[in-house]
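Q: Sequence:
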Amino acid sequence: MRELLQLVPKPSRYLGTEEGTIHKQGKDISIHIALAFPDMYEVGMSYLGQKILYGILNERENWWAERVFTPCVETAQVLRDHNASLATLESDTPLGKLDMVGFHVTHELCYTNILYMLDLSGIPYRAADRGNSLDTPIIMAGGGCTLSAEPLAPFMDLMTLGEGESMMVELLDTLEQCKKENTSRHEFLLRAAKIPGIYVPSFFEQKEDNTALVPTEDITARPTRRVVPDMNDAEFPTSQPIPFGAVHSRLALEIARGCTRGCRFCQAGMTYRPARERSVTNVEKIVQESLTTTGYDDLSFLSLSTGDFSALKELFMNTVDRCSQEQVSVSLPSLRVGSIDDDIMEKMASIRRTGATLAPEAGSQRMRDVINKGITEEAIITHVRKLFQHGWQQVKLYFMIGLPTETYEDLDAIVELCRKVRGAAGKRIQVTAGISPFVPKPNTPFQWEPQISYDEIRNRIQYLRDKFKQEKNMRMRWHEPESSMLEGIFSRGDRRLADVVETAYNKGAVFSSWVEHFSIDPYLEAVEEHGLTVDEYTGSRDVEAALPWDHLNNGVTKEFLLRELKRAKEEKVTDDCRYGACRVCGACDKGAKESKLERLTEDTKYKNVLNNEARDQQAHEIELDEKGRIVIKSAVSNKPPKLAEHLTVKAAHLRIWYSKEDTSVFLSQLELQSIFERIFRRVELPLTFSQGFHPLPLISFGRALPIGVASKKEWVNIFIREPFTPEEVFKKLISAFPSGMHPVAVERLSMAKKQAQPYAETFKVEYAGNEERKADFIQAFKDMLEEESIMWTRTTKKGERTMDVRPVFAKVIFNEDDITITLDWTDIYVSPVNIVKAITPGFDVLDFKMTKLEQHMP
Numbered sequence: 001m002r003e004l005l006q007l008v009p010k011p012s013r014y015l016g017t018e019e020g021t022i023h024k025q026g027k028d029i030s031i032h033i034a035l036a037f038p039d040m041y042e043v044g045m046s047y048l049g050q051k052i053l054y055g056i057l058n059e060r061e062n063w064w065a066e067r068v069f070t071p072c073v074e075t076a077q078v079l080r081d082h083n084a085s086l087a088t089l090e091s092d093t094p095l096g097k098l099d100m101v102g103f104h105v106t107h108e109l110c111y112t113n114i115l116y117m118l119d120l121s122g123i124p125y126r127a128a129d130r131g132n133s134l135d136t137p138i139i140m141a142g143g144g145c146t147l148s149a150e151p152l153a154p155f156m157d158l159m160t161l162g163e164g165e166s167m168m169v170e171l172l173d174t175l176e177q178c179k180k181e182n183t184s185r186h187e188f189l190l191r192a193a194k195i196p197g198i199y200v201p202s203f204f205e206q207k208e209d210n211t212a213l214v215p216t217e218d219i220t221a222r223p224t225r226r227v228v229p230d231m232n233d234a235e236f237p238t239s240q241p242i243p244f245g246a247v248h249s250r251l252a253l254e255i256a257r258g259c260t261r262g263c264r265f266c267q268a269g270m271t272y273r274p275a276r277e278r279s280v281t282n283v284e285k286i287v288q289e290s291l292t293t294t295g296y297d298d299l300s301f302l303s304l305s306t307g308d309f310s311a312l313k314e315l316f317m318n319t320v321d322r323c324s325q326e327q328v329s330v331s332l333p334s335l336r337v338g339s340i341d342d343d344i345m346e347k348m349a350s351i352r353r354t355g356a357t358l359a360p361e362a363g364s365q366r367m368r369d370v371i372n373k374g375i376t377e378e379a380i381i382t383h384v385r386k387l388f389q390h391g392w393q394q395v396k397l398y399f400m401i402g403l404p405t406e407t408y409e410d411l412d413a414i415v416e417l418c419r420k421v422r423g424a425a426g427k428r429i430q431v432t433a434g435i436s437p438f439v440p441k442p443n444t445p446f447q448w449e450p451q452i453s454y455d456e457i458r459n460r461i462q463y464l465r466d467k468f469k470q471e472k473n474m475r476m477r478w479h480e481p482e483s484s485m486l487e488g489i490f491s492r493g494d495r496r497l498a499d500v501v502e503t504a505y506n507k508g509a510v511f512s513s514w515v516e517h518f519s520i521d522p523y524l525e526a527v528e529e530h531g532l533t534v535d536e537y538t539g540s541r542d543v544e545a546a547l548p549w550d551h552l553n554n555g556v557t558k559e560f561l562l563r564e565l566k567r568a569k570e571e572k573v574t575d576d577c578r579y580g581a582c583r584v585c586g587a588c589d590k591g592a593k594e595s596k597l598e599r600l601t602e603d604t605k606y607k608n609v610l611n612n613e614a615r616d617q618q619a620h621e622i623e624l625d626e627k628g629r630i631v632i633k634s635a636v637s638n639k640p641p642k643l644a645e646h647l648t649v650k651a652a653h654l655r656i657w658y659s660k661e662d663t664s665v666f667l668s669q670l671e672l673q674s675i676f677e678r679i680f681r682r683v684e685l686p687l688t689f690s691q692g693f694h695p696l697p698l699i700s701f702g703r704a705l706p707i708g709v710a711s712k713k714e715w716v717n718i719f720i721r722e723p724f725t726p727e728e729v730f731k732k733l734i735s736a737f738p739s740g741m742h743p744v745a746v747e748r749l750s751m752a753k754k755q756a757q758p759y760a761e762t763f764k765v766e767y768a769g770n771e772e773r774k775a776d777f778i779q780a781f782k783d784m785l786e787e788e789s790i791m792w793t794r795t796t797k798k799g800e801r802t803m804d805v806r807p808v809f810a811k812v813i814f815n816e817d818d819i820t821i822t823l824d825w826t827d828i829y830v831s832p833v834n835i836v837k838a839i840t841p842g843f844d845v846l847d848f849k850m851t852k853l854e855q856h857m858p
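The sequence shown begins at 1 in our numbering and counts up by one.
Honestly, the hints are just simulated from the structure, not real lab data. Note that the Cβ used here is the ideal one computed from N, Cα and C, for glycine as well. Among the hints, a few may not be true.
What the hints assert, rightly or not - Ranges of calculated distance between the beta carbons of each label pair, as one might list FRET restraints:
hint, residue 1, residue 2, range
1, H390, R703, 39 to 45 Å
2, Y408, V247, 46 to 52 Å
3, E480, A760, 19 to 25 Å
4, T382, R583, 35 to 41 Å
Unchecked claim - List time: in silico EDC-like cross-link candidates among lysine to aspartate or glutamate, alpha-carbon distance up to 20 Å:
hint, residue 1, residue 2
5, K285, D233
6, K837, E772
7, K386, E326
8, K782, D824
9, K712, E854
10, K782, D817
11, K420, D455
With the sequences and hints as input, model every part of the structure.
A: What follows is the structure, encoded as structure tokens:
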């Protein structure tokens with residue numbers, strides 16, 4: 001699809017030439033796969049799981065794992081109009097020619113996008129229609145949903161359950177061997193099904209109604225989720241594809257997996273057990289290598305509950321001081337109330353103080369006990385008060401409505417808690433309540449509970465809206481009930497919903513997680529057409545009956561979930577098993593007999609709850625207080641180190657001239673800003689930053705080059721803190737540019753910040769369309785020279801604007817194979833592409849190519 005990039009929105013999404021990408025064209029490749037993310041590039045490039053597998057699989061010399069994302073609807077139409085297939089980013093290989101396409105399934109509303117991508121690739125939707133050879137790619141799914149993704153089962157040849165680092169290597173080893181032996185597709189699936197963590201849906205069927213699925217082949221009766229035992233053994237991609245644009249363009253570093261807080265609504269908290277951490281030494285090593293190779297200026301420590309990382313204070317304090325010297329910000333998402341102390345809070349405030357987000361989940365203490373949230377109102381207010389003492393001015397509180405046993409009194413408690421938070425600072429502050437309807441999730445204690453009806457969701461949202469309208473400095477945002485209802489249908493769905501997914505897609509349902517694309521109608525029509533009802537999926541479940549996912553083992557036993565459901569109904573809290581009694585959930589091999597102090601300490605060592613191997617946690621003292629509660633004391637000084645002062649001495653002002661050709665012509669000016677910032681960080685050019693709370697590097701660009709236009713000579717100006725010579729800077733940059741871009745020259749400028757733009761530019765125009773029309777294209781330029789004026793109308797934000805573009809053409813030279821034009825920008829500037837289109841009616845952007853040859857500077 002590369003030849004169509006000029007026609008699609010944001011073509012950089014499909015280039016595959018980002019820094020850190022892996023290209024193996026021309027090599028002997030035995031396994032060629034696509035890591036497919038069923039959403040837009042900007043969303044998928046924020047997903048760490050794909051980057052981890054991308055790095056691991058491409059370590060094999062003869063394996064090539066590429067990326068592919070869901071194209072926007074406009075791009076999909078371009079593909080259909082030109083009979084082109086959806087293709088991988090790195091090599092532009094159609095998906096149908098690969099050995100495997102693996103989908104990352106992170107939520108239920110992406111199911112139709114998977115069919116959308118298969119459709120654009122010409123691959124049959126259903127596994128049963130792909131024949132018995134390995135000529136058609138194996139279609140598989142992995143990610144957080146696969147432990148209960150039966151609505152996808154008929155479309156998948158196989159699914160991976162759990163953490164895929166080792167599992168994917170074993171799977172591709174098996175596929176490679178089967179290709180060498182020229183086995184059947186069925187034989188490959190039989191071998192794959194014997195790999196721990198691999199689930200082949202076609203090998204399971206339901207013998208009788210209301211019973212669990214059972215295997216029809218000689219394979220494991222109950223596939224079990226795979227887990228990486230020790231996070232220090234889990235590979236992290238210190239070199240990774242750096243997106244041209246993403247929702248979260250930052251270095252996301254996973255410091256821990258799993259959570260044992262035991263929130264009864266939380267699917268991730270149950271299915272990602274046990275809790276495992278990287279050592280501080282391991283994390284710091286990864287930080288150093290990753291920031292150097294990627295050039296990111298934003299670092300985020302990730303886990304399900306970052307504040308529970310046992311050495312967080314040591315890690316954060318050490319990292320933030322090191323990063324502050326180079327203006328790299330450090331963030332801690334997923335923080336629980338009370339999980340960070342004043343020192344960390346003070347340091348976070350000194351980095352970047354925006355709005356703070358907390359998740360009480362419920363307004364009343366009764367409801368927080370039902371869901372086992374484990375925090376009190378007093379803790380919430382104390383946390384908020386400290387935030388405001390450190391300068392925060394806004395706080396957002398997340399709540400769920402429709403939780404089991406919820407009453408309207410519990411809704412009133414949401415409003416009341418927001419009032420108390422508003423008053424915690426003793427001054428006017430903004431409180432925002434984010435409201436999401438509760439969706440019962442599989443493999444949680446609430447998997448048997450009903451989801452409240454669509455009408456009741458709307459009633460409760462309106463009830464809260466009316467309450468919030470009466471309050472000052474309090475506002476409410478909410479998740480649309482239709483979307484929550486659809487999520488509820490599919491999250492606990494069975495295989496019958498596969499027909500609904502396919503029918504809904506055929507009715508136009510794509511990008512269902514996007515507000516601007518979402519419509520519930522195709523799904524409800526499909527449910528009705530297939531003789532199903534919404535209530536049978538969103539209603540309560542019999543605890544004695546089989547569930548659609550009972551044939552899969554997520555590691556947590558049904559007995560434990562039932563006990564937790566009973567405790568929820570009794571409004572009893574279950575302690576975090578890292579600090580309280582073991583509840584024998586089944587996720588690890590610990591028993592209930594050891595004392596909690598024995599389980600946490602062994603000469604300041606921490607036992608991995610999965611494999612019982614002691615690991616050094618370095619900087620902690622652990623003891624019991626007078627009430628028998630665990631107290632973890634950091635060995636790090638309570639006094640935060642003083643932030644290093646950042647030098648802003650302008651030692652040099654340089655202009656870097658560079659070329660921009662080949663696929664880089666599709667990079668926008670905004671994308672270039674980020675690209676150059678990362679380049680300068682990677683080559684360790686000490687940029688000068690602006691003053692203020694959020695310093696920015698002092699970088700300026702020449703006039704923006706239109707997307708699709710090449711250039712032999714563009715420029716970017718930088719201020720640096722050290723007096724490097726132009727020659728030294730050129731040597732640093734010579735191999736640091738992305739594909740299609742190269743440094744041409746570096747020159748020293750005066751210390752003045754503003755630099756003049758060119759008064760004229762020279763372009764080469766080459767005809768690239770049907771050869772039969774080439775003469776007409778050239779004649780259009782000759783006709784233009786005979787005209788005194790050429791009026792051209794364009795649409796702007798203020799309406800249509802008409803101008804005479806004839807004076808812009810200062811010089812036109814007709815060469816043997818191209819036309820050279822010099823455009824004068826003294827009076828007006830118009831995109832040179834639009835200038836050419838204005839004088840060549842009947843031709844489009846695919847009919848010509850433009851290259852800037854020269855900038856005429858004052």
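Q: Does each hint fit the structure? Answer for all of them.
A: Consistency of the hints with the structure:
For the hinted restraint 39 to 45 Å between H390 and R703, the CB-CB distance of approximately 43 Å keeps it satisfied. About 36 Å separates the C-beta atoms of Y408 and V247, a value inconsistent with the hinted range of 46 to 52 Å. A beta carbon spacing of about 53 Å between E480 and A760 contradicts the range 19 to 25 Å that was offered as a hint. Checked against the given bound of 35 to 41 Å, the beta carbons of T382 and R583, roughly 28 Å apart, lie outside it.
With a C-alpha separation of about 13 Å, the suggested pairing of K285 with D233 holds against the 20 Å cut-off. Restraint check for K837 and E772: satisfied, since their Cα atoms lie roughly 19 Å apart, inside the 20 Å limit. Between K386 and E326 the alpha-carbon distance is near 28 Å, which puts this suggested pair outside the 20 Å criterion. Between K782 and D824 the CA atoms are separated by roughly 18 Å; this keeps the pair inside 20 Å, and the hint holds.
Annotation: proposed proximity of K712 to E854 holds, straight-line Cα distance about 7 Å (limit 20 Å). Between K782 and D817 the alpha-carbon distance is near 15 Å, which keeps this suggested pair within the 20 Å criterion. In summary, the hint linking K420 to D455 is not supported, as the alpha carbons are separated by about 30 Å, beyond the 20 Å threshold.
In this structure, the hints that do not hold are numbers 2, 3, 4, 7, 11, in rising order.
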